[in-house]
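Colleague: Residue-level listing of the chains:
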Amino acid sequence: MMKSILALFCGMLFGVGLALSGMTDTHKVIGFLDIFGNWMPDLIFVMGAAVITTLLSFSIILRRKFPLLDNKFYLPTEQKLDRKLILGAALFGIGWGVYGYCPGPAIAALAYLQPVTIIFVLAMTAGMVFINVLNNK
Amino acid sequence: MIEYLPSSIGGLLIGLAATLMLVSIGRITGVSGIYWGVISKQSDKLWRLIFVIGLPLGTFAFHWISQIEVPTANTFYLNAVLGGFIVGMGVKLGSGCTSGHGVCGIGRLSPRSLVATLVFMLTGIVTVALIKQTVF
Chain A
1 MMKSILALFC GMLFGVGLAL SGMTDTHKVI GFLDIFGNWM PDLIFVMGAA VITTLLSFSI
61 ILRRKFPLLD NKFYLPTEQK LDRKLILGAA LFGIGWGVYG YCPGPAIAAL AYLQPVTIIF
121 VLAMTAGMVF INVLNNK
Chain B
1 MIEYLPSSIG GLLIGLAATL MLVSIGRITG VSGIYWGVIS KQSDKLWRLI FVIGLPLGTF
61 AFHWISQIEV PTANTFYLNA VLGGFIVGMG VKLGSGCTSG HGVCGIGRLS PRSLVATLVF
121 MLTGIVTVAL IKQTVF
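Chains as they are written, first to last, in the numbering used here: chain A, 1 to 137; chain B, 1 to 136.
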């Protein structure tokens with residue numbers, strides 16, 4: 001029950017942050033990536049503030065043996081800097097630049113009830129399923 | 001500089017959400033991973049589904065309370081389909097996105113995430129530089 005309440009609160013807080021920050025505005029995102037053109041630096045401040053916050057908080061939190069409501073932390077275990085990571089990241093950046101959304105903002109922007117956003121999320125889902133199918137062959 | 005205050009506070013809230021997720025339920029706030037957990041054969045789906053629903057709920061609440069105008073999304077449908085599909089491939093293959101790698105991964109000082117973030121920033125920038133004519 002507490003877990004559900006926290007998931008809801010965190011999701012909503014994240015959604016507020018995304019909307020306030022401008023991440024749900026494809027124009028601002030493209031503008032941020034448009035370093036050689038009409039650069040809109042706003043998203044530097046988004047990433048900067050978010051990362052400073054987590055750099056500080058994570059180092060403190062991860063000194064603990066477990067979180068408040070569970071008996072362990074669920075952290076990624078993969079360590080290798082492999083081709084999949086690089087290729088995946090490269091593709092992600094390309095897709096990001098083609099439209100202007102990454103997963104979080106896209107899902108949050110469903111709130112705007114614009115059909116093109118639903119199309120993006122569906123296409124994104126298809127892309128994830130596609131790779132999953134390839135991985136399982 | 002004051003015009004960047006909303007972005008900074010937005011980023012702070014994102015960081016706080018990730019902080020709370022980690023300290024309370026011990027989870028990394030990587031939206032692509034959480035979303036995949038909702039749609040795939042994963043156990044323990046409920047918190048993931050609730051989180052994913054929370055995202056647009058929070059966004060809606062923000063605009064409703066602040067009365068700040070909703071941005072018009074990029075209406076190039078071809079870009080939405082292509083961009084969406086490529087983003088989907090990329091986050092699944094690369095195990096993360098801006099929240100997972102960029103915010104949480106760097107927060108944990110993960111070398112994988114730092115590299116991933118630099119790579120996707122780079123390809124994002126190059127992509128926009130190359131195709132700016134078709135985007136807006």
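Please note that a few of the clues may not be correct.
To be verified - Covered stretches of chain A (in silico footprint by chain B; criterion: 3 or more residues with CB under 8 Å from a CB of chain B, positions within the stretch not fixed):
{"#": "1", "segment": "25-35"}
{"#": "2", "segment": "51-57"}
{"#": "3", "segment": "98-112"}
{"#": "4", "segment": "117-129"}
Source of the hints: derived by calculation from the structure; they are not laboratory data. Note that this is a predicted model, so its numbers are computed, not measured. Don't be surprised by glycine CBs; every beta carbon is placed ideally from N, CA and C.
Colleague: Hints first: check each against the structure and report whether it holds.
Modeller: Outcome of the hint check:
Counting residues of the segment 25-35 of chain A whose beta-carbon sits less than 8 Å from any beta-carbon of chain B gives 8, enough to reach three: the coverage restraint holds. Counting residues of the segment 51-57 of chain A whose C-beta lies closer than 8 Å to any C-beta of chain B gives 6; at least three are required, and the coverage claim holds. A stretch counts as covered by a chain when three or more of its residues have a beta carbon under 8 Å from one of that chain; for the segment 98-112 of chain A and chain B the count is 14, and the coverage holds. Taking a C-beta to C-beta cut-off of 8 Å, the segment 117-129 of chain A contributes 12 residues in contact with chain B, enough for the three needed, and the coverage statement holds.
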